[in-house]
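Here are the chains, one letter per residue:
2 protein chains.
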Amino acid sequence: MGVGYSSSCSLSLSLPYSHISCFASTTTLLSSHKSTPNSSLNPPTSKFHYQKPTYTTMTAQSSSSPLFLPIQSGRVEEIKTQYHNSTKPISDFHSFDPELIQRLVYDSLVWSSLHGLVAGDKNVQRSGTVPGVGMVHAPFALLPMSFPERQWRQACELAPIFNELVDRVSLDANFLQESLSRTKKADAFTSRLLDIHSKMLESGKKEEIRLGLHRSDYMLDEQTKLLLQIELNTISSSFPGLSCLVSELHRSILNQYKEHLGLDSRRIPGNTAVSQFAEALTKAWKEYNNPRLDLIDVPYLFYDNEFTKLCNTHDVTTIRKTLAEIDAQGVLLPDGTLLIGNQVIAVIYFRAGYAPIDYPSESEWRARELMEQSSAVKCPSISYHLTGTKKVQQELAKPNVLERFLENKEDIAKLRKCFAGLWSLDDSNTVKDAIERPEFYVMKPQREGGGNNIYGDDVRKTLLRLQVEGSEEDAAYILMQRIFPTIVPTFLMRDGICHKDHAISELGIYSAYLRNKENVIMNEQCGYLMRTKVSSSNEGGVAAGFAVLDSVYLT
Amino acid sequence: MGVGYSSSCSLSLSLPYSHISCFASTTTLLSSHKSTPNSSLNPPTSKFHYQKPTYTTMTAQSSSSPLFLPIQSGRVEEIKTQYHNSTKPISDFHSFDPELIQRLVYDSLVWSSLHGLVAGDKNVQRSGTVPGVGMVHAPFALLPMSFPERQWRQACELAPIFNELVDRVSLDANFLQESLSRTKKADAFTSRLLDIHSKMLESGKKEEIRLGLHRSDYMLDEQTKLLLQIELNTISSSFPGLSCLVSELHRSILNQYKEHLGLDSRRIPGNTAVSQFAEALTKAWKEYNNPRLDLIDVPYLFYDNEFTKLCNTHDVTTIRKTLAEIDAQGVLLPDGTLLIGNQVIAVIYFRAGYAPIDYPSESEWRARELMEQSSAVKCPSISYHLTGTKKVQQELAKPNVLERFLENKEDIAKLRKCFAGLWSLDDSNTVKDAIERPEFYVMKPQREGGGNNIYGDDVRKTLLRLQVEGSEEDAAYILMQRIFPTIVPTFLMRDGICHKDHAISELGIYSAYLRNKENVIMNEQCGYLMRTKVSSSNEGGVAAGFAVLDSVYLT
Chain A
1 MGVGYSSSCS LSLSLPYSHI SCFASTTTLL SSHKSTPNSS LNPPTSKFHY QKPTYTTMTA
61 QSSSSPLFLP IQSGRVEEIK TQYHNSTKPI SDFHSFDPEL IQRLVYDSLV WSSLHGLVAG
121 DKNVQRSGTV PGVGMVHAPF ALLPMSFPER QWRQACELAP IFNELVDRVS LDANFLQESL
181 SRTKKADAFT SRLLDIHSKM LESGKKEEIR LGLHRSDYML DEQTKLLLQI ELNTISSSFP
241 GLSCLVSELH RSILNQYKEH LGLDSRRIPG NTAVSQFAEA LTKAWKEYNN PRLDLIDVPY
301 LFYDNEFTKL CNTHDVTTIR KTLAEIDAQG VLLPDGTLLI GNQVIAVIYF RAGYAPIDYP
361 SESEWRAREL MEQSSAVKCP SISYHLTGTK KVQQELAKPN VLERFLENKE DIAKLRKCFA
421 GLWSLDDSNT VKDAIERPEF YVMKPQREGG GNNIYGDDVR KTLLRLQVEG SEEDAAYILM
481 QRIFPTIVPT FLMRDGICHK DHAISELGIY SAYLRNKENV IMNEQCGYLM RTKVSSSNEG
541 GVAAGFAVLD SVYLT
Chain B
1 MGVGYSSSCS LSLSLPYSHI SCFASTTTLL SSHKSTPNSS LNPPTSKFHY QKPTYTTMTA
61 QSSSSPLFLP IQSGRVEEIK TQYHNSTKPI SDFHSFDPEL IQRLVYDSLV WSSLHGLVAG
121 DKNVQRSGTV PGVGMVHAPF ALLPMSFPER QWRQACELAP IFNELVDRVS LDANFLQESL
181 SRTKKADAFT SRLLDIHSKM LESGKKEEIR LGLHRSDYML DEQTKLLLQI ELNTISSSFP
241 GLSCLVSELH RSILNQYKEH LGLDSRRIPG NTAVSQFAEA LTKAWKEYNN PRLDLIDVPY
301 LFYDNEFTKL CNTHDVTTIR KTLAEIDAQG VLLPDGTLLI GNQVIAVIYF RAGYAPIDYP
361 SESEWRAREL MEQSSAVKCP SISYHLTGTK KVQQELAKPN VLERFLENKE DIAKLRKCFA
421 GLWSLDDSNT VKDAIERPEF YVMKPQREGG GNNIYGDDVR KTLLRLQVEG SEEDAAYILM
481 QRIFPTIVPT FLMRDGICHK DHAISELGIY SAYLRNKENV IMNEQCGYLM RTKVSSSNEG
541 GVAAGFAVLD SVYLT
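For the record, the sequence lines run as chains A and B.
Following full-length UniProt numbering, the numbering of the first sequence begins with 1 at its first residue and continues without gaps.
Following full-length UniProt numbering, the numbering of the second sequence begins with 1 at its first residue and continues without gaps.
Since the hints were made in silico from the structure, they are not lab data.
A virtual CB, placed ideally from N, CA and C, is assigned to each residue, including glycine.
Hints may be right or wrong, so weigh each one.
[Claimed, not checked] What follows is a list of derived Cβ distance ranges for each label pair: (1) 258/B to 264/A: 49 to 59 angstroms; (2) 516/B to 100/A: 26 to 36 angstroms; (3) 258/A to 329/B: 41 to 51 angstroms.
[Said to hold, decoys possible] The calculated lysine-lysine pairs, modelled on DSS-like cross-linking and capped at a C-alpha distance of 30 angstroms, are: (4) 122/A to 283/A; (5) 206/B to 398/B; (6) 185/B to 205/B; (7) 122/B to 286/A; (8) 283/A to 205/A; (9) 409/B to 432/B; (10) 432/A to 283/A; (11) 185/A to 205/A; (12) 206/B to 122/A; (13) 461/A to 185/A; (14) 414/A to 517/A; (15) 206/B to 258/A; (16) 184/B to 461/B; (17) 258/A to 286/B; (18) 283/A to 398/B.
Looking at chain A on its own, in the form it has when it is part of the complex (with noise of 0.2 angstroms):
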């Protein structure tokens, strides 16, 4: 095994389903559900003046003493990054005695293998369909992130607000059909939701009882310190489960290790991502208020599902279905029950469905628009799916916009400012400026399933290409401001090799959202999921690099 992110043995969580896969078009590992910019600085606009950080290559100062761990307990290998490190990280490659790094990894790879921190090993044949077989620890940092607690109380507050928004947007059909117009021309799947969602409103459907299980993803801007959100995830919202475990990873190593790290462990905070999601399902189960019911788990990854057991503790069943067994076996009696077999299906949990791929046939669009009809509580609703599309996420970003949602003027502003540049691509001026300076745009296309974001010279050639063309293609994609994070050292655990490089971060904080008729009954924010990534290029950003497991350590 060589570099990480470079080698042929990228590790994949598996899904049970073959025809379903979320890693399939990328070769990141953490871009997970969705895709995420990796990096970007210094929008043109007025609201962000910040300046590009200087580049200098400082591998003869990070990089003189390489870190090999001869070993079997796994090697530290390292990889050499241009990146100007303007912070000071907990992970100074300097101040670690290599014997303690070799006794980290050893114990932090038993650690993961005695508490479920795995995943399918891509090189493995059946890890993609058979649980427990072909395992591998998951990706992870070996230490905690630095982040400062300041921004991270922030992002905290931010989760309500934007619960409530979801559902107040899910609420105004005309603006989600008005706002996704053009894309529904230049983007066949956003197309087909919509005609699920038009039929919905034709025929009068409401969601009474409306569950949003949510990550919102931010990144911190190295110069501004400002706390930018990437996008916010409304459907199949990944690692709850392996987020929660590298916590208690790194508060586990870091109090076995207290005298040597000198760092404390309750800086961690406590990530309880399984345990509220769990709740949130088993409450929207109770809602739902029928005695012999069942919550439904679609498309399913074997992994990170912590919280469907939880939910069996709480005498919830859960059934795992496939779209297509559900259009096989799915019946929808007059009265809007649905039932599978004989079991009536309180609860439907999405953990896959946003991408094209998870639709190989009519028949899984079916089952799709079986579920939307029936009356069990859906997590997300198709409503609650298009709110967090990037050209809504756009869209919201517009003046005035989120004024038509919210009333509170301190939320709507807390909300403003952690929203990155966002522009639809008949912004002329923007389009003209982004052509002329590509490196502090990302251009993200509607189509979900990470890896997908256009970076450096081609987002130059792809808006010339579109202008070109002159067809209802440039409808398929946003620009957003490209986000400069901080780039710190780290040590990144993958496939039991340690990988020493530098590396950001992003942030996602997860939330739950349940309400009925009348009140909300659950709006809170969830733990966090932290994911580093080695930086390794300056050109195209990070997308290029390999993302692991991390936590954030308060600073």
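With chain A's structure known, arrange chain B on it following the hints.
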């Protein structure tokens, strides 16, 4: 993957140090650190008047409805066996709906991966050297094994008596040397242990703090329902961690499917082997009474080590060293203090060192002697180690020998009641009988490590060869009554596949013993290990079968 035990894909719990492997010489996974006779019946002594059970071909009945699970979550394959099943088992093949089995299989595999019920996959090269890579679920039974409550209590009650017996015998150096005097000539490994033992005697070395983490293994004779001891492990008693997990898995499955299975999870005894072993190690560490000291873990198994982790939570630092590393790094101070690096070693816990393969050079023997000379608490000392040999087991079964060590007549009667027939090969009447009726005996070599027992016609051939040769080699063996336990239909999970087969079980009772010069500090039963093995042939007992981890369901 076909039939488990004949497959090339046999699994092994991997050791991190490639030169030490507990499982190198056997295809039976859970025969573990100790060889175990796997079946037998009707010893030709007056004490045992059992009838050999009638073998009826019941393939037609039990195998008439092969149970194939065509889904991705593992499949069930049927294996035909020819034993008669005389008791009502939990896993009556006919009582289970295939779809229910499918759900149990899937959920238990996911549970395994989430809770560390994992092992190294032999097929993955690095699985033996790097933790966290090449993992597969540890083999386990899908459901617990029924076991009568009376015999369960009997086995638990025996634990502290055996603990006390081991301690007393270990103090009688002459008894150990005399009992093993002929074995010494025939078995080079035992000879080396005895040499160290003699040196300690000559130097007047005494062990004032004595720690034993034992496991006494039993089978239940089908005809008489007698609980008969197979062997007593005094070194490296394996699977305390994984056995606890399987009990938890089965409780979870019984709770989750209580309506379908109709089994009461409270009938599975609580399994606290891990926490009690950790407690004993920690108490030994405290007893050593040195403010700065460590616990040393001599070669080490990745996936069964919860309790070294637990020790860490008690502020005990554990370090892992191979015997060769201890030879290279260990320093003995004049006062008996053992140093590794600058660290004082308080407790030495052997996870290996019980088999010739663990001592590939003189370096390992020097390390063993160095540790024995030190004042560190050894788990086990050479004396405890020798007390666990088969020859000593056989000597203790002779008339009036127990009385040399124990005063309490009730205790003696309890121990004697669980002794199977055991004979030395210089007992010419027994050898004559074993040549005539080899099916009633097992020949057990001193050599440890599992898979070395001799069954059936091989007993006759080996005994005849030894008679012709007239060498001392006969002293390397003992003869033991062959026990014939109940055979029950079982679902066995291995490598993601559910095998439906007939199986037998062996119950190991863990126990911990700790004392200083004045007092017994701990003398307790500590959980259990249930191993279930395929009984696929009546040739050679079940030695050829594969074994899985199981739990007890009290009936």
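Check each numbered hint against the structure and report the violated ones by number, ascending.
Per hint list: 1, 3, 4, 7, 9, 10, 12, 15, 18 violated.
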